[in-house]
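Engineer: All chains should be modelled from the sequences, with the hints used to inform the complete structure.
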Amino acid sequence: MDLLWLYAQALVDGLLAGVMYSLVALGFVLIFKASGVLNFAQGAMVFMAGLTFVSLMELGLHPALAGLATVAVMVALALAVERVVLRPLVNQPPIILFMATIGLTFIVEGATLSVWGSTPKLLELGDPYAAFEVGELYIVYSEFYAAIAVAALVIALALFFNKTRIGRALRAVADDHQAALSVGIPLTTIWVVVWSVAGVVALVAGIVWGGRLGVQFSLALLALKALPVLILGGFTSIPGAIVGGLLVGAGEKLAEVYMSETFGLGGVENFFPYLMAMLFLMVRPQGLFGERIIERV
Amino acid sequence: MTSALLSVNNIEVVYDHVILVLKGVSLTVPEGGVVALLGANGAGKTTTLKAVSNLLRAERGEVTRGAITYRGERVDRLDPHALVTRGVTQVMEGRHCFEHLTVEENLLTGAYTRKDGRAAVARDLQMVYGYFPRLQDRRTAQAGYISGGEQQMTAIGRALMARPSLILLDEPSMGLAPQLVEEIFDIVRRLNREEGVSFLLAEQNTNIALRYADYGYILENGRVVLDGKASTLTENADVKEFYLGLGEGGRKSYREVKHYRRRKRWLA
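If you're matching them up, the sequences are chains Y and C in order. For the first sequence, the working numbering begins at 1 and goes up steadily by one. For the second sequence, the working numbering begins at 1 and goes up steadily by one.
Just so you know, the hints here were simulated from the structure itself, not pulled from any lab data. A quick note: this is a predicted structure, and the numbers were derived from the prediction, not measured. We treat Cβ as the ideally placed atom computed from N, Cα and C, and that holds for glycine. There's no promise every hint is true.
To give a feel for the contact side, a few chain C residues facing chain Y, derived at Cβ under 8 Å [stated by the list, open to error]: (1) Ser53; (2) Leu55; (3) His81; (4) Met92; (5) Phe98; (6) Leu101; (7) Thr113; (8) Ala159; (9) Arg163.
Structural biologist: Below, the structure written as structure tokens:
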């Protein structure tokens with residue numbers, strides 16, 4: 001019976017961690033959908049948003065004010081990226097845009113470090129150990145609230161995409177750039193909007209992850225954790241990012257517990273998601289919820 | 001002749017800085033007119049339309065010489081968005097619906113540039129459904145899964161939602177059954193008469209295009225080789241032989257196929 005609770009606890013921990021992976025993956029999906037660019041800099045954006053937010057708070061700003069100011073910074077970044085990177089490279093092959101975002105990663109990281117310094121900062125989101133119990137499960141409040149925040153964000157995004165004029169235009173651009181141009185949707189505006197939204201998602205991710213790990217450089221590496229999530233869920237699907245995140249989170253924690261209980265192996269959770277992703281690629285390369293390729297016969 | 005809505009003056013279009021596709025094309029669309037742009041594959045019909053709508057630049061094409069004016073204003077340096085807001089919308093060849101959006105969402109994206117409020121957009125949505133009742137039945141279907149004819153209707157309806165004065169209609173007959181082609185052209189005529197929309201349409205199907213248009217231009221190798229009233233073109237011997245498949249004495253039979261073709265008079 002104890003063992004069962006152990007697995008249940010691993011599952012819950014995994015799902016809660018998974019929600020947070022989804023958050024990073026979400027940023028990738030947004031930009032990939034609207035501009036076909038795999039934005040390698042998403043992790044750097046999480047780092048930038050998180051560190052800017054904490055540093056502003058340390059300067060004595062009210063959290064809400066700091067949040068707003070950070071959003072403004074992310075929108076400014078979106079404007080700059082559109083102007084300096086995307087517009088000159090329009091119509092270039094995807095690999096060139098991908099390379100550009102790798103360059104962008106280092107610029108964003110470097111600039112953030114030189115402005116705010118490289119010391120890790122603590123983000124206090126209430127007592128990190130406070131928890132409640134369900135049966136024998138132990139659920140940490142901060143993680144639980146993070147999951148709720150993510151759920152709210154996803155619902156907000158879904159409404160934005162499906163119910164608003166701009167959201168509809170974003171989906172239209174994702175489907176067919178040329179046709180979107182022909183009905184007068186300006187691609188440049190759409191790119192700024194989508195990078196800004198990705199910036200806001202990065203801020204939420206930065207706060208949630210920063211509260212857990214401290215706000216430090218390793219936040220930028222979260223981008224790598226998002227890749228298996230994307231492969232599982234599909235690069236073009238918001239629900240895919242969520243489900244992919246949950247699968248990766250639950251999968252890695254369960255695998256860890258199983259391997260250490262049965263074989264005494266440790267550290268499986270570090271590579272298990274990538275193993276899952278590779279196996280998955282062979283079976284269903286477009287991901288669970290990847291945009292179905294519509295073929296009329 | 002009524003005043004010119006659109007005039008294209010001697011434009012030259014180059015792709016990728018080297019490939020010369022249009023070598024001096026001029027044409028005029030009068031207010032309220034239906035003008036057909038005819039010619040074979042690769043003659044430059046689509047390029048002409050895209051030069052007007054400014055979609056060329058997205059394909060690395062450029063108008064290097066000549067001018068395009070719409071209502072007296074130079075428009076060849078604007079972007080597509082600016083043109084749509086001025087009242088020129090293109091319906092691209094091959095329909096290009098937003099496949100993952102529903103039919104109604106497709107139509108609504110057409111109203112993206114509108115600033116006159118929800119009520120006006122809702123009214124125009126009903127207007128489009130009035131012309132294309134079939135779209136109303138399929139309004140919640142994903143546009144990727146509807147039939148080719150319905151997609152063409154969606155594409156035209158989507159363009160209408162921008163409240164254009166001029167629609168650039170590229171190859172509306174492509175891949176459609178003859179009966180549907182007829183239906184689409186009937187609606188084009190009704191839109192022209194009832195809504196006052198002017199059309200510049202590129203078409204390979206010379207026969208039907210000349211029946212519905214008032215005026216036609218024939219393009220060959222990036223040049224206008226012949227133009228005239230639709231009724232005059234239909235009677236032209238060369239048009240008959242080379243575009244309508246009619247010989248001197250009615251429909252040509254392949255039994256008496258010639259090994260040489262008569263030289264086109266306009267090349268002389």
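Engineer: A separate judgement is required for each hint: does it hold in the structure or not?
Structural biologist: To see whether the hints hold, each was checked on the structure:
A least Cβ separation of about 7 Å between C/Ser53 and chain Y falls short of the 8 Å threshold, and the interface hint therefore holds. Given hint, C/Leu55 at the interface with chain Y, holds; its Cβ is 6 Å from that chain's nearest Cβ, closer than 8 Å. A hinted interface residue such as C/His81 counts as satisfied when its beta carbon comes closer than 8 Å to some beta carbon of chain Y; here the least separation is about 4 Å, so the hint holds. Among the interface hints, the one on C/Met92 holds; its C-beta lies about 6 Å from the nearest C-beta in chain Y, closer than the 8 Å criterion.
Interface hint at C/Phe98: satisfied, since its Cβ lies 4 Å from the closest Cβ of chain Y, which is below the 8 Å cut-off. The interface hint given for C/Leu101 is met, as the beta carbon of that residue sits about 6 Å from the closest beta carbon of chain Y, less than 8 Å. A least Cβ separation of about 4 Å between C/Thr113 and chain Y falls short of the 8 Å threshold, and the interface hint therefore holds. Satisfaction of the interface hint for C/Ala159 is found here, the shortest Cβ-Cβ separation to chain Y being roughly 7 Å, below the 8 Å cut-off.
Checking C/Arg163 against chain Y: minimum C-beta separation of about 11 Å lies over 8 Å; hint violated.
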